[in-house]
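Student: Got chain A; can you put chain B on it based on the hints?
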Amino acid sequence: GAGVSQSPRYKVAKRGQDVALRCDPISGHVSLFWYQQALGQGPEFLTYFQNEAQLDKSGLPSDRFFAERPEGSVSTLKIQRTQQEDSAVYLCASSLRQGALNTEAFFGQGTRLTVV
Amino acid sequence: DAKTTQPPSMDCAEGRAANLPCNHSTISGNEYVYWYRQIHSQGPQYIIHGLKNNETNEMASLIITEDRKSSTLILPHATLRDTAVYYCIVRVGNYGGSQGNLIFGKGTKLSVKP
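Residue numbers (my numbering), protein chains in the order written: chain A, 40 to 155; chain B, 474 to 587.
The shape of chain A in the complex, shown without the other chains (with noise of 0.2 angstroms):
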């Protein structure tokens, strides 16, 4: 498809287990974007890439959060120890340029992750 995918929807881990959340951009997209998403609020923002480099990682709750795209396309977001409070929607996002202020950017539908 031509949107943005992100896999699994829906995941289910057990505290303490390490997650994996993949997103594919839009092809030839340059910016990449992940977003926390808890239920009831707006997304906050964890982390960008621009094409292979990760330029800004402010957003990351913790250390047991890391992302990566080491091929300016797929990203991977790890998630290790899951605690409960990770329980939320985590979105992926990319857009066209970098650095052009007037670029929309395009959502995937979301990884529902739930930690029990």
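Treat the hints as calculated values from the structure; they're not laboratory data.
Don't take every hint at face value.
To be verified - Below are the DSS-like pairs computed for lysine-lysine, each with C-alpha atoms no more than 25 angstroms apart in a straight line:
no., chain 1, residue 1, chain 2, residue 2
1, B, Lys582, A, Lys96
2, B, Lys542, A, Lys96
3, B, Lys542, B, Lys476
4, B, Lys582, B, Lys476
5, B, Lys542, B, Lys586
6, A, Lys117, A, Lys96
Tutor: Quick look at chain B alone, frame taken from chain A:
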């Protein structure tokens, strides 16, 4: 923190215009106003953006006040499928690495009623 203020909820009758306000009194001269919406269980969807002139596209119109401290998103003929949370976002300018990062607030939950 989000740089915008929106009412938490609004109702609109189907077929009527929905006018969603947003205050952004601290907006900088090179920052754009963006609107996204999020329908239940989906990712946010881009609607429209503007700098200082009013803008219109197939989805909506954006009216920005002359001082740029507030704006209104207008859905001219709301349908039931427009029920969603609408986010007004001031686009962060080029700084550091997160060029173009979107900072969401809590948005306005618009309920379109038959």
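Student: Now tell me, hint by hint, if it's right for this structure.
Tutor: Now the hints, each set against the structure:
no., hint, result
1, B:Lys582 x A:Lys96, "violated (29 angstroms)"
2, B:Lys542 x A:Lys96, "violated (30 angstroms)"
3, B:Lys542 x B:Lys476, "holds (11 angstroms)"
4, B:Lys582 x B:Lys476, "holds (18 angstroms)"
5, B:Lys542 x B:Lys586, "violated (30 angstroms)"
6, A:Lys117 x A:Lys96, "holds (13 angstroms)"
Taken one by one, the earlier hints fail for this structure at numbers 1, 2, 5, listed in ascending order.
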